[in-house]
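Asker: Here is what each chain is made of, one letter per residue.
Protein chains: 2
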Amino acid sequence: MAFKVYVDRMSQPSRAVIIFCKVNGIDFEEVRVDIMKNQQYSPEYKAINPMNQVPAIADGRFKLFESHAILIYISCAFPGVASHWYPGDLSKRAKIHSVLDWHHSNLRRGSAGLIFNTLLSPMRGIPLNPQAAKESEQILIKSLSKLETFWLKDSRFLVGCSQPSIADLSLVCELMQLELLSEEDRNRILSPYKKVVQWMEDTKSATAPHFEEVHRILFKAKKGIRERMATQSGKTELKAKM
Amino acid sequence: MAFKVYVDRMSQPSRAVIIFCKVNGIDFEEVRVDIMKNQQYSPEYKAINPMNQVPAIADGRFKLFESHAILIYISCAFPGVASHWYPGDLSKRAKIHSVLDWHHSNLRRGSAGLIFNTLLSPMRGIPLNPQAAKESEQILIKSLSKLETFWLKDSRFLVGCSQPSIADLSLVCELMQLELLSEEDRNRILSPYKKVVQWMEDTKSATAPHFEEVHRILFKAKKGIRERMATQSGKTELKAKM
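Sequences listed follow chains A and B, in order. For the first sequence, the residue numbers in the UniProt record's numbering are 1 to 242. For the second sequence, the residue numbers in the UniProt record's numbering are 1 to 242.
Mixed in with the good hints, there may be bad ones.
Some chain A residues near chain B, calculated using beta-carbon distances under 7 Å [what the hints assert, rightly or not]: (1) F62; (2) L64; (3) Y86; (4) L90; (5) S98; (6) H104; (7) F150.
By construction, these hints were calculated from the structure, which means they are not laboratory data. Glycine included, each C-beta is placed from N, C-alpha and C at the ideal position.
Please construct the entire structure, taking both the sequences and the accompanying hints into account.
Answerer: Written out as structure tokens, the structure is:
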């Protein structure tokens, strides 16, 4: 049985897993689970991941979900993965676990919460929530500050590494979701953090050309969302004049 | 240098780390960081954990925070730890990572959010937030349902294990925080989940007598909180009658 990767490229942890497989030359079948069509709730997918989320993998009969757990599994199960992605050294590995755990309640919560409450919630039938967006932005800003002053303090990559680990890929894919914001908002949020901006560029370079290729859908979606927002804003202005 | 564990026993991940060390006969020094006195913000502690949270460890010069990362580190660094806590087998280990990752945005978010917004926020100078408490309770109920129907589906312990892993200890310590609620609320939330209730008992038994001993502070705090609430409620009634 082939190694199957169940993903929607619009999901940031899905992109991290696809890029990781491509960078490491892993032979896999990409199975699209279209979250805009609610395919994550289908009975077929429920048998893969009962939490109805992407990504998930099936390696023969072995099934797994949660992107960090998947990245660790692939690092250990496929002999071709270079050791810098998930080092065998106990202390280095512990630091990578630490930043991945921190990611959940900090960077992910801030970034994903901001995007959802500013842009995506109407697509799920939920009204935009400016208060929740504001709280998420505060968590995001605090997380960016910790990245700048602590996690990237001594090195190009996270936790003192000179080469990227699975944590760099996971966290940078998270921040790429900010591409969906307006240029003005994205710059206002990101540009004060010079090390973070450089680290994102370094991680992109280290995973080229796959990083750009896998993110193409995001840039396309950005264009669509911004055009839709411009049309809506035009309609509102027209209404106000009438 | 001794192996130091920086904790406040009122914090559920702190208790998981202390119990784990005690159960596995690890020689450690417990350093109390009193979060009610804001000691997590002291310059001394900032040098241990710049995120100002407990628990953290210092093993000689090596420092680490985030409780899941700590439990994994201890499992690997101390040869006396029985293998069922963090099995070497790739698939079993991957499943443990998966449930630990799931914990962050589900069980922890629901349980900790409910307790904070129902009881603890005034102690941090933040008003109680019934709407946030309600949302947290919904996340908690959904998480309990996933524990009952998926994570504990096939076995006494999580992810198909016949003996406890670090994930059982971490998640059961999280749920113990519900002791701070009234008996009525706690029963209403927990009692529909028979497997979850039995699994909590099994995890307590597997880690006796340390589990009870380390949780003693929680039962004491519960008594204090409920007495304070009864006094406040009496005062409110008296005021209403005047």
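Asker: All hints are to be evaluated individually against the structure, with a verdict given for each.
Answerer: Hint check results:
1. F62: 6 Å, holds
2. L64: 5 Å, holds
3. Y86: 11 Å, violated
4. L90: For L90 (chain A), the interface hint holds, since the closest Cβ of chain B sits about 6 Å away, which is under 7 Å.
5. S98: Hint on S98 (chain A): holds, closest Cβ of chain B at ~4 Å, below 7 Å.
6. H104: Cβ of H104 (chain A) sits 4 Å from chain B, so the hint holds.
7. F150: Constraint on F150 (chain A) satisfied, holds at 5 Å.
Of the hints listed earlier, the one the structure fails to meet is number 3.
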